[in-house]
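As you go down the protein sequences, you meet chains A and B in turn. The opening position of the first sequence corresponds to residue 2 in the working numbering, with each subsequent residue numbered one higher. The opening position of the second sequence corresponds to residue 24 in the working numbering, with each subsequent residue numbered one higher.
Think of the hints as simulated: they come from the structure by calculation, not from any bench. Fair warning: there could be bad hints in the mix.
[To be verified] Straight-line distance between alpha carbons at most 30 Å, and here's what the computed BS3-like set of lysine-lysine pairs gives: (1) B:Lys311 - A:Lys107; (2) B:Lys319 - A:Lys183; (3) B:Lys160 - A:Lys44; (4) A:Lys144 - B:Lys311; (5) A:Lys162 - A:Lys107; (6) A:Lys144 - A:Lys164; (7) B:Lys97 - A:Lys44; (8) A:Lys44 - B:Lys319; (9) B:Lys319 - A:Lys144; (10) B:Lys324 - A:Lys144; (11) A:Lys44 - B:Lys262; (12) B:Lys319 - B:Lys262; (13) B:Lys310 - A:Lys44; (14) A:Lys164 - A:Lys44.
Because the structure is a prediction, the values reported are computed rather than measured.
Here is what each chain is made of, one letter per residue.
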Amino acid sequence: MAGYTREVAKRVFAQEFRESNLSFKDGDDQYAPQYLLTPTGAKVNRVFIVGTLIEKEDIGTDSEYWRGRVTDPTGSFLIYAGQYQPEAAQILAECETPAFVAVVGKPSTYTTGEGDVLTSVRPESLHIVDGQTRDMWVIETAKCTLDRIEALDDTSANSQKAKEYYDPDIRHYSSMVAQALKSLNETY
Amino acid sequence: MVETYRIIASPEETNKRLEDLIMKQLAQEINARFNELGVEIPIEEIEERLDKMINKFKVPKEEARRSVVNYFLKFHNINRNEFYTGGQSESPMANISDVAEDGKWVTIRGKVVQLWDNSHESIAQVGLIGDETGTIKFTIWESSGASSVEENKSYLFRNVVVNEWNGKFQLNVNKSSSIESIDEEIEVGNTTVDFMGAMVDIQSGSGLIKRCPECNRALTKGACMEHGKVDGVYDLRIKAVMDDGAFIQDAILKRDQVEEITGITLENAIAMAADALDQGVVLEQMKKLLVGKYYKLDGSKIERYLLVDSIAPVFSYDPSELDELIAAAEVI
Chain A
2 MAGYTREVAK
12 RVFAQEFRES
22 NLSFKDGDDQ
32 YAPQYLLTPT
42 GAKVNRVFIV
52 GTLIEKEDIG
62 TDSEYWRGRV
72 TDPTGSFLIY
82 AGQYQPEAAQ
92 ILAECETPAF
102 VAVVGKPSTY
112 TTGEGDVLTS
122 VRPESLHIVD
132 GQTRDMWVIE
142 TAKCTLDRIE
152 ALDDTSANSQ
162 KAKEYYDPDI
172 RHYSSMVAQA
182 LKSLNETY
Chain B
24 MVETYRIIAS
34 PEETNKRLED
44 LIMKQLAQEI
54 NARFNELGVE
64 IPIEEIEERL
74 DKMINKFKVP
84 KEEARRSVVN
94 YFLKFHNINR
104 NEFYTGGQSE
114 SPMANISDVA
124 EDGKWVTIRG
134 KVVQLWDNSH
144 ESIAQVGLIG
154 DETGTIKFTI
164 WESSGASSVE
174 ENKSYLFRNV
184 VVNEWNGKFQ
194 LNVNKSSSIE
204 SIDEEIEVGN
214 TTVDFMGAMV
224 DIQSGSGLIK
234 RCPECNRALT
244 KGACMEHGKV
254 DGVYDLRIKA
264 VMDDGAFIQD
274 AILKRDQVEE
284 ITGITLENAI
294 AMAADALDQG
304 VVLEQMKKLL
314 VGKYYKLDGS
324 KIERYLLVDS
334 IAPVFSYDPS
344 ELDELIAAAE
354 VI
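Could you build the full structure based on these sequences and the hints that come with them?
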């Protein structure tokens, strides 16, 4: 494939994102993109999240370094924005919580001393949106997740790899999706 | 060059009659083809030449035919390619949307939608030709000797070759091709695409921009690629990146759509920029308004871009879709 193509922003619920810990590079090249493979087989280099920003805190010592917590119906994402994510950091600094936000960002992982892998998102952009957009995202993410669950038995490399590594409990993820969808009926 | 030749009779009468028949047929074919090109050559004259070649000088029939054809082509000053293309070697007619094979020869009936500037001396014209099924880029090479085309007129591009470059197809008009003007109106069908997804980014070169007054190109740092430093004309444009979780679609919104979707008119934008002493505030404001939300777009696809005809925000989902998804999630 000639030239550069932008990576698609994957839709993943917070719970599945938190339960992911397989991060790898495609190829040995120094500049090869980094991916996070999720239990349902999403190969993520970029994510799109719409949720509620419920907490934010400047945890930086010298310069500003913002940590935010964005929830969806299944859990929460941690996002970190510092001087290299100026646009997102600025909006985090200025906005009020709670607020509906849309985040486009890169997944990153951190391994603790005990060997646990924590996932977070480094935002490329962060914008204030509305509740309807959040609901649209829940629907869309549910659809994408169901598609992946259904494709787990396919022979695609991502499905195979996810099955081999995570041995995912399909019921666990389908009930997560069902729960997320049902929450839309409850709210209004 | 009026010459007469006596036919030398062959000893075997029947065989000769058969040969005669084949020769007559050959002569008729040649006569017919020249007729199509608007040249009337008496069939006797062709026969006479053929006969001399075949019967007197024992030249094989195909060679004789070629030689005779060449003689008349030269005599009437007709281009060889013109004679041979269009004959039995005519390439098949194809719809533009079906053009998908590198190196294939086709004949296209379409309307020239757009002509582009070209800088290369070996290229006569470059542009976009369209038929009911879509549009495709074409290049008319100087060496093709083909007649030149005009925008909004319909043509038959005979025997053009399909060329693939960077995953895209284009047509080359070369010296075996010909272009024929046709007098019919062709409704150009755009390869219309619709796309629904989230706007995940707006690229630089969006917002309030300046265009070159001569060629309408967007200026970079106040200069036009072609015309250098010019006094630009303000315009609004958005180069958006749309993403539906499976595919990326780059989309270009023109001024009308930008004004409609952002509520920022060109005048507002100019005032905003003047207040802030910075054109960039317009782009920032547009990002704030649009990025992260869902839109439905449709328009025509040209190369990697979707040239947007209409854009509408999507705020609500179909409740039946929700029920279906819940049901689907529960059966797994």
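Consistency of the hints with the structure:
Distance check on the hinted pair: Lys311 (chain B) and Lys107 (chain A) sit about 20 Å apart at the alpha-carbon level, within 30 Å; holds. With a C-alpha separation of about 25 Å, the suggested pairing of Lys319 (chain B) with Lys183 (chain A) holds against the 30 Å cut-off. Note on Lys160 (chain B) and Lys44 (chain A): the hinted pairing is violated, with a Cα-Cα distance of about 36 Å set against a maximum of 30 Å. The suggested pairing of Lys144 (chain A) with Lys311 (chain B) holds, with an alpha-carbon distance near 27 Å, which does not exceed 30 Å.
Pair hint Lys162 (chain A) plus Lys107 (chain A) holds up; C-alpha atoms about 21 Å apart against a cutoff of 30 Å. A hinted pair counts as satisfied when its Cα atoms are at most 30 Å apart, and Lys144 (chain A) with Lys164 (chain A) qualifies at roughly 20 Å. Restraint check: the Cα-Cα separation between Lys97 (chain B) and Lys44 (chain A) comes to about 67 Å, which exceeds 30 Å; the hinted pair is violated. Only pairs whose Cα atoms come within 30 Å are accepted, and Lys44 (chain A) paired with Lys319 (chain B) is accepted, the gap being roughly 26 Å.
For the proposed pair Lys319 (chain B) and Lys144 (chain A), the alpha carbon gap of about 17 Å is at most 30 Å, so the pair holds. Of the pairs offered as hints, the one joining Lys324 (chain B) and Lys144 (chain A) holds, with about 26 Å between alpha carbons and a cut-off of 30 Å not exceeded. Proposed proximity of Lys44 (chain A) and Lys262 (chain B) is supported: the alpha carbons are some 26 Å apart, at most 30 Å. Restraint check: the Cα-Cα separation between Lys319 (chain B) and Lys262 (chain B) comes to about 15 Å, which is no more than 30 Å; the hinted pair holds.
Among the hinted pairs, Lys310 (chain B) with Lys44 (chain A) is consistent with the structure: their alpha-carbon atoms are about 27 Å apart, no more than 30 Å. Distance hint between Lys164 (chain A) and Lys44 (chain A) is fulfilled; the C-alpha atoms sit about 13 Å from each other, no more than 30 Å.
In this structure, the hints that do not hold are numbers 3 and 7, in rising order.
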